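In terms of my numbering, the sequence shown opens at residue 7 and continues consecutively.
A couple of the hints might just be wrong.
Calculated cross-link-like contacts (lysine to aspartate or glutamate; reagent style EDC-like; alpha-carbon spacing at most 20 Å) [what the hints assert, rightly or not]:
#1 81 x 146
#2 81 x 69
#3 81 x 134
For the record, the hints were derived by calculation from the structure and aren't laboratory data.
Predicted model only: the values in this text are computed from it and were never measured.
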Amino acid sequence: MLTLTLQFIIAALLPLTFLVLLGYLWRSPTGRRPLRWSWGVTLLVAIVWASSVLRHYGGITFDSIVRFNWEIIGKYGLTLLALGILWTTQHHLSLVQHRRWVLLLPGLVLLLAAILLDPTIWPQWLADAPVAGVAVRLFDLWAAVWIASWFVPT
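Could you build all of it, start to finish, from the sequences and the hints given here?
Here you go:
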């Protein structure tokens, strides 16, 4: 059986791994500058997303506002991570510079829609809507947009 300390150590390994990768990226002598910068930002987003799991181990030592904001940032960190990977990958595609944003636009629109529909941030500003005889709640609509915001960039 895993103790709470062992669970914390295992959960802390993922953000620490991303931190080590970020350090390696900045210390390596090779690599193109724009690619290094975009990978650096993507790894920072990965660190924030992976560290959001650690808020469960803080208990009451963290302020409730800190835990709430950490949860919100972690919730949308996965989408930002997918967008960051797509942003970094598009440097290798043979696209004109001004057309690269076309790849990121659907994911950014879905991310913005998910934030605007999030019931934890904006509770009950949209009433339940009947669709085919079933009441669709704000949470259901938000969950569909949020999950789509993960998958569209990937």
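We went through each hint and held it up to the structure:
1. 81 x 146: At roughly 16 Å apart (the allowed maximum being 20 Å), residue 146 and residue 81 satisfy the hint.
2. 81 x 69: holds (18 Å)
3. 81 x 134: Status violated; Cα separation ~23 Å.
Hint violations for this structure: number 3 only, all remaining hints satisfied.
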